[in-house]
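Q: In our numbering, the protein residues as written are 41 to 214.
Simulated from the structure, these hints should not be mistaken for lab results. Check each hint, because a few of them may be wrong.
Quick list of in silico lysine-lysine cross-link-like pairs, BS3-like style, CA-CA up to 27 Å [as the list claims (entries may be wrong)]: (1) 168 - 102; (2) 198 - 150; (3) 102 - 145; (4) 150 - 102; (5) 145 - 168; (6) 65 - 102; (7) 168 - 65; (8) 145 - 65.
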Amino acid sequence: MSYSLDTIAKQEAQAAASQTGSRPKTKAVLNQAVADLSKAYSIVHQVHWYMRGRGFLHLHPKMDEYMDAINANLDEISERLITLGGDPYSTLAEFDQNSNLTEEKGTWDKSMEDHLSRLVEVYSYLDKLYQVGLDVTDEEGDAPSNDIFTAAQADVEKTLWMVQAELGQAPGLD
Numbered sequence: 041m042s043y044s045l046d047t048i049a050k051q052e053a054q055a056a057a058s059q060t061g062s063r064p065k066t067k068a069v070l071n072q073a074v075a076d077l078s079k080a081y082s083i084v085h086q087v088h089w090y091m092r093g094r095g096f097l098h099l100h101p102k103m104d105e106y107m108d109a110i111n112a113n114l115d116e117i118s119e120r121l122i123t124l125g126g127d128p129y130s131t132l133a134e135f136d137q138n139s140n141l142t143e144e145k146g147t148w149d150k151s152m153e154d155h156l157s158r159l160v161e162v163y164s165y166l167d168k169l170y171q172v173g174l175d176v177t178d179e180e181g182d183a184p185s186n187d188i189f190t191a192a193q194a195d196v197e198k199t200l201w202m203v204q205a206e207l208g209q210a211p212g213l214d
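Given these sequences and hints, build the entire structure.
A: In structure tokens form, the structure reads like this:
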């Protein structure tokens with residue numbers, strides 16, 4: 041049996057299309073992450089703007105790092121979703137309608153501890169979401185998306201540990 045390069049290329053393209061055209065659960069959890077990361081970014085940004093008190097000089101620029109990390113993760117997840125033939129949420133209305141995170145109006149009456157506790161809530165949620173992503177991508181056999189969720193979860197767990205340590209908490213014990 042002989043195959044031309046065109047035939048092989050067509051078969052590979054069809055195989056790739058069928059692989060990326062399925063995975064409905066993976067696409068759903070990726071899009072959930074898009075909505076939740078967009079909302080998480082907004083929450084961290086609010087903490088960045090409304091914080092004051094002891095630790096400000098250290099924590100204010102730390103929020104910039106957290107926002108950069110969220111944005112990088114959001115971009116990678118969105119692009120993976122597009123690669124799989126999905127349509128990432130891209131409007132504030134879609135983020136608000138689909139995110140499981142809630143926002144509150146910014147106020148100046150919150151302590152640094154209140155702000156950091158809010159970050160613990162957000163990052164704990166993301167940690168659980170990424171675990172769902174790992175389970176779903178494992179079930180649907182999507183190793184690249186699984187790798188993305190693995191790296192994202194490791195980053196979130198480290199951030200969670202650091203914020204909890206700043207609050208005097210032991211991760212997973214309090």
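Q: Now, for every hint given, state plainly whether the structure supports it.
A: We went through each hint and held it up to the structure:
| no. | hint | result |
| --- | --- | --- |
| 1 | 168 - 102 | holds, 23 Å |
| 2 | 198 - 150 | holds, 24 Å |
| 3 | 102 - 145 | holds, 22 Å |
| 4 | 150 - 102 | holds, 18 Å |
| 5 | 145 - 168 | holds, 25 Å |
| 6 | 65 - 102 | violated, 34 Å |
| 7 | 168 - 65 | holds, 16 Å |
| 8 | 145 - 65 | violated, 33 Å |
Of the numbered hints given earlier, the model fails hints 6 and 8; all others are met.
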